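Residue numbers (numbering that gives the first Met the number 0), protein chains in the order written: chain A, 0 to 144; chain B, 0 to 775; chain C, 0 to 120; chain D, 0 to 489.
Note that these hints are calculated values from the structure, not bench results.
All values derive from a computational prediction rather than experimental measurement.
Wrong hints could be hidden among the right ones.
To be verified - Distance condition first, Cα-Cα at most 20 Å in a straight line; then the derived EDC-like pairs of lysine to aspartate or glutamate:
no.	chain 1	residue 1	chain 2	residue 2
1	D	K420	B	D542
2	B	K430	B	D542
3	B	K483	B	D106
4	B	K615	C	E48
5	B	K430	B	E442
6	D	K420	B	E153
7	B	K154	B	D292
8	B	K154	B	E104
9	B	K154	B	D106
10	B	K154	D	D354
11	B	K154	B	D352
Claimed, not checked - Not the full set, but computed from the structure, chain B residues with beta-carbon under 8 Å of chain A:
no.	residue
12	T652
13	F660
14	N726
15	T742
16	G752
Each residue gets a CB set at the ideal place from its N, CA and C atoms; glycine is no exception.
The primary structure of each chain is shown beneath.
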Amino acid sequence: MRFRPSLLLDVGARSMVPTLVLVSLYVLVVGHDEPGGGFIGGLLAGVALLVVFLAGGAAQVSRVLPIDPLTMVGAGMSVAVATSVAGMVLGAGLLDAGKLELDLAWIGKISVGSTLVFDAGVYLVVVGLVAMVLTRLGAREETAP
Amino acid sequence: MTSWPFLVVAAHFVGAAVLLAMPRRSRRAAVVVALAPMAAAVVMAALAAGAVIDGDPVTADISWLPALGVSLDVRFDALALIFTFAIAAIGMAIITYAAGYFAPEADLRRFLALLVGFAGAMMGIAITDNLFGLFVFWELTTVTSYLLVGFQDEKGSARAAALHAILTTSLGGLAMLGGFVLLFQAAGTATLSEIVASPPSGTTTTVALVLIFLGAFTKSAQAPFHFWLPGAMAAPTPASAYLHSATMVKAGVLLLLRLAPGFAATGVWTPVVLTVGLATMMIGAWRALRQTDLKLILAYGTVSQLGFMTALVGLGSPVMLHAALAVLVAHALFKSTLFLVVGAIDHQAGTRDIRVLSGLGRRLPWLALIAVLAAASMAGVAPLLGFATKEAAVAALLDEHAWIALAVISVASALTATYALRFVFGAFGTKPPSGEVDHVGPEVAAPGPTLWGPPALLGAAGLVFGIVPGAVDAVVSAAAPGGKLVLWPGWNLALGVSIAIIAAGVAIYAAPAALAHLQHRVAARLAALHVPSAEGSYRWLIDMLNRVADRVTGITQNGSLPVYIGVILITTLTVPAAAWIGAGGALPQLPPLGSAAEIALGVFVAVVAIAVLRAKRRLAAVILLGGVGYSIAGVFVLFGAPDLALTLLLVETVTVAVFAFVLGRLPRRFEEQPWRLGRAMRAGVALVVGGFVTAAALVTNGIRTAPPVADVYVELAPDAGGRNVVNVILTDFRALDTLGEITVIAAAAVGIGALVMRTRTQRRTDDVPDTAREAA
Amino acid sequence: MSITLAVTAGILFAAGTYLVLQRLLTRIVVGLGLMAHGANLILLGAGGEPGAPPIVGTADPATFGDPLPQALVLTAIVITFGVTAFLLALAYRSWALTAEDTVEDDIEDRRIAELRRREHP
Amino acid sequence: MNVLASLPVAIPFAAVGLTLLAWRRLALQRAISIAATAGSLGVAVALLIAVDTDGVAAVAVGGWEAPIGIALVADRLSALMLVAAGAALLGVLVFAVAQRDTDEALRAFHPVYQTLAAGVALAFLTGDLFTLFVAFEIMLTASYVLITHRARAGDVRATMTYVVVGLIASALFLVGVGFVYAATGTVNMADLSLRLADVDPAVRTALGWLFFMVFGIKAAIFPLFFWLPDSYPTAPTPVTAIFAGLLTKVGVYAIIRTQTLLFPVEGASTFMLLIAGLTMVVGVLGAIAQGDIKRILSFHIVSQIGYMIMGLGFFTVAGIAAAVLFVVHQIVVKTVMFLVGGLVETASGTGRLRDVDGLLHRFPVIAVLFLPAALSLAGLPPFSGFVGKLALVEAGFDAGRWVVVGVSLFASLLTLFSMTKIWAGAFWGAPSANLVRRPPSTMLAATGALVVLSVAIGIAGQPLLELATRAASDLLDPAAYVAATLGGGA
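With the rest of the complex left out, here is chain A:
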């Protein structure tokens, strides 16, 4: 089968994708207190990419992504490892959690723990994988006979 970007999908995607991405980020941030977290957030963002893919194909996915999928995976890994090792460097030990209180006016008080940074790393890795799948496996789809 071949994907033909249809107007309906295109319009749908345009409106859905930003929402999905925002939701995914929200889910990432509140994950510590509500159902959610890096995995679910990352997967939601992945679904957003899926929508982009359905609308515009692999090329569109590549265009939407700020960085290459593999770099994203690497960045996610590095962030996660960095937060893990940070504790060790600061003398507390591998994966010791630290915390930073932030007062963001319009969201309210939020504590950016090292766990959140860690979860952000998770988020990036998951998004990277989905992006990888879409751009690689999906790319062939378009050129398929």
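Knowing the structure of chain A, use the given hints to seat chains B, C and D on it.
Leaving out everything else, chains B, C and D in the frame of chain A:
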């Protein structure tokens, strides 16, 4: 100089390494490097000789693996002295000889490296006072001799002979290792001298001895393992002269000599060792008479002589051990001489076949003289060393009324005299012209001094020591006190027996037709009895081994994934199940059936799962799989796991999408394939697996004896900064799991990239067929 | 763990096994997916009876479901996701190379098995 | 101590992230990869010394004490395994970099190689059963990718078998963890060690065998090994070498760890010895039936696993010490053997014995590298294999297990037989025409370094054996392990 013997041994290995590292062209330097450690050994032996003969051995503790009883402790006693001297002196002769023997294009340096390494190992056997240390050197001789026998490796026969030799001796070696461990555990020490001083007894010791015998017999080419030795004649002649006459094959006898003082009285000793020795002596001598290759005559002669020594050791009394050791020394001298003579003939004439050689005696009288001297020593003719030693043996046998042994030894010795004659006349005699073969002889060029010098020296030693046996006797008696070697024993019964033996030998040689007839009849009789020959048995065993290997592998390794999985699943699950039943596992109280919602979801999952089985279209199967996933997400909701439910829903969504990409390339319907496993078989395995999972889940359910750790998480979660306990576990309590998990994801992403990214660019390299495809 | 859960997991494993015991790669992947679901159910059920979502402040902690198995299952799900994606890429690649969706027998093994058959018919 | 026990895990994880970030720059990837691997080895050596001096080191990861958090526990066994694995990883990495083929230059190699290293290190150090599962998954996923990263047809086909079997083993592992949690309410191994003691003996025994079998699939014991010889030989040399050296041994490690810590049996297990004997014999028979170097070696992996299981089966200090020593020896020697196999292939273009001849004359260096490793594999003195074998034989006779010891000696004769087959087939004979090229000297050097190491293991047998004996005593008396894990990590 306590650890000098060890250092001298080590010097050999250093020498071997240096030789290997040397450039191939520098032959002269190679010879010097090879001679150096042996010269050192001779000097060392000479310096130590005085004290050693006075019964004051040089000892040194060289620890290696005390926890396992393994050391390389040195005990340089008279026996070690004899061996060291023989190894080094004969070795130097051989090295000199080899320099002239090998063609310029041959890799002399590698040969010498192996030879010197071998000499070091052999010396190690002689000087080591620890069972396992001895084993270490023992196996080193096995390996180096393997490489030496197969030295001319472009010949298939050399490779096969090397294999035969290493397999046979390793078989014995491993049995011996087992025996050593048993003896070590029975005696509480692995130090040979201590074991022999206070030998253990009992069943363990007996078993140990039998296993050790196996090692000694295989190494010293005793029946029925003797056959590797004639085969090993594929080695270059200098190697044969060294390994298969003077040194390696004596290792077994050496070991028996070492053990005899402690264990000769053990019930198992004499019957086994004597019988094997006598049988070997007869078989060797008998078969030597049938050979036409000079080297093979000598090889079977060696087998026979080794049997002779073994038989004497088997009798075990001091005087017998003395005689055995004396025979060993004499044999080392005359047999290495003869081998070197054969090498010279082969080198000059290009053949060793006695049917082809003719008139060589007139052409090379000096070489013939050397051969005659050595052959006479072999036959036991006075005044050569071989006479004195055989005389000592016969006298001892008479003294102890060992009539059967005496009879067999006499007959075999007569045959020895016969094949000695056969050797001399075969090599140097002039034969009547025959139409079948073109004789080689009169036109042969004289060998250079490196080819006749060493055998001349060794042969002369046999004569000198025969005339002055006291020199040999002093050392032999120091090692095995109890007998005496003399040049002229006076007219006594023993001398009569000796004369009779030689007379009989000559008589047999004079009647070749009768001998041939007899040989033929014996062969026919053996064939009729279906007595398997040693050689045939070996071939059969190797063939059998290969067939069994192919067969077993063909069955187990059938290459079919479904079969592998079936076996894995069944084994992995039935073993624990059987263990549970075997341990008297009781069925637990059944848990509740579950809520209505649970049951409904469960039934739905089951129905969808079965629908997956029946799906004919790929996409349908995948969508149904997604359906299973969604319903399980429902189960998660029931279980109060919203995070799981959300994750699974998203995962299933993305997975189905990915599947769809892949399936877009594949046919819509499943092709029906011929199953390697039938439907019933698959269903059976499936039921076992499913049944196990359900049963095990029920058995392990509700048997907890302590509250789960999980409760603590709920209390601690707020401290960790989160209310969603599951997420706190994932990012804090058990963040390491999560780190690992994203690593899996990262690796998968990289893998996908590698697999698919390359589709466009890799095409060309794919055109290069890989080996597997080629084979198909 | 209820009987229903145990039986459901068993059925998933049985169905998965049935699919895995053949050579069409797509079916094998589906079969492995079913087995993974079964394993997740077992792990979840190991936590005991169903309970409320373990989110502090939303219910009485005593009624919470065991959070540890949930965390473990989540980890397992994600791992399975990654590996499945890889496996699909493998299937994709295999199809691109050989135009076959099967797991072929090992060639060298077949040769030795052949040898045996020829020698011992 | 705390840092020291975390670093072997932290370093490769960090290297994964960094090599991924640097995935467009091969030189940088190489630098990171080599630095991380060498660093890990150094840390492992330091950890071994520390643990041997001061006893078990446990780290409560994230500051949460076990059994709440995950504990990394380094005892003598783990530390020793880390050192051996580190040496093999470094040697193979250098070999791979030196190969100058496309294998390593494909950008997937370094990140995935580090992933493999991370999985292996985590498996050796974790004190948590579920984390062990994760560690296996890391290691396995990395191995799936490594086998296929060239994306050739043969690789892909061979990987199918490997991946499918791997995933089934993982599913079974996971249900096993489920059963254990259901029965005990914990997944921390030290905690389990205490709690399992109270569990119904029949259930405990069954769980013990389930884990034995599940890890046995990874360790390639009879009759679960069939996947191994079908998948290993096709992979690129460095990949096969590191698989051969490490993966099955991680399975063996897991067996030793769980069988001693969680499911200790009373005395020797005859059934385990039966499996050990069958593994040795069927494995070596498989090797005899092959005609390709890497396939021969692959079957030897299997055969040698039998020896380790045998040592464990005696269930004595001496037996387990011998098994531990044997694992260390095998990690190095098996890696070397495959590297040499790779050198043969490089030098002659193929590993089929029928098509290779006379390497001794053309490339004597390869022969010099092959011989000690092969003799060591066959258990000949004075090499490391002999020390391991002798330790096993003595332990077996001590335990009164004559039969299996006899079988093991017979199997080592067959091993020698198949080694001579390679020697006579590839190294002896008139040099054949299809000699392709001389392997780069860095490849030879990397192989040579590991050969030297394997010889050193034999020569330093006594201190190693003493260490292994201390490790084995710890294993049979896990009180210190449990106390260190549960009684405060820092």
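Taking the hints in turn, this is what the structure says about them:
Simply put, K420(D) and D542(B) have alpha-carbon atoms about 14 Å apart, close enough for the 20 Å limit, and the pair holds. The straight-line distance between the Cα atoms of K430(B) and D542(B) is roughly 41 Å, outside the 20 Å bound, and the hint therefore fails. Between K483(B) and D106(B) the alpha-carbon distance is near 45 Å, which puts this suggested pair outside the 20 Å criterion. At most 20 Å may separate the alpha-carbon atoms for a hinted pair to count; K615(B) and E48(C) exceed this at roughly 38 Å.
Between K430(B) and E442(B) the CA atoms are separated by roughly 15 Å; this keeps the pair inside 20 Å, and the hint holds. Taking the CA atoms of K420(D) and E153(B), the gap is near 15 Å; set against the 20 Å cutoff, the hint holds. This hinted pair checks out: K154(B) and D292(B) have alpha carbons roughly 18 Å apart, not beyond 20 Å. The suggested pairing of K154(B) with E104(B) holds, with an alpha-carbon distance near 16 Å, which does not exceed 20 Å.
Between K154(B) and D106(B), the direct Cα distance comes to roughly 15 Å. Compliance with the 20 Å bound is thereby established for this hinted pair. Our distance criterion of 20 Å between C-alpha atoms is met by K154(B) and D354(D), whose separation comes to about 17 Å. Between the alpha carbons of K154(B) and D352(B) the distance comes to roughly 19 Å, so the proposed pair stays at or under 20 Å and holds. Hint status for T652(B): holds, given a least beta-carbon distance of 6 Å to chain A, under 8 Å.
The interface hint given for F660(B) is met, as the beta carbon of that residue sits about 5 Å from the closest beta carbon of chain A, less than 8 Å. Taking 8 Å as the C-beta contact cut-off toward chain A, the hint placing N726(B) at the interface holds, the least distance being around 4 Å. The interface hint given for T742(B) holds, since its Cβ lies 7 Å from the closest Cβ of chain A, which is under the 8 Å cut-off. Checking G752(B) against chain A by beta carbon gives a least distance of about 6 Å; that is within 8 Å, so the hint holds.
Of the numbered hints given earlier, the model fails hints 2, 3 and 4; all others are met.
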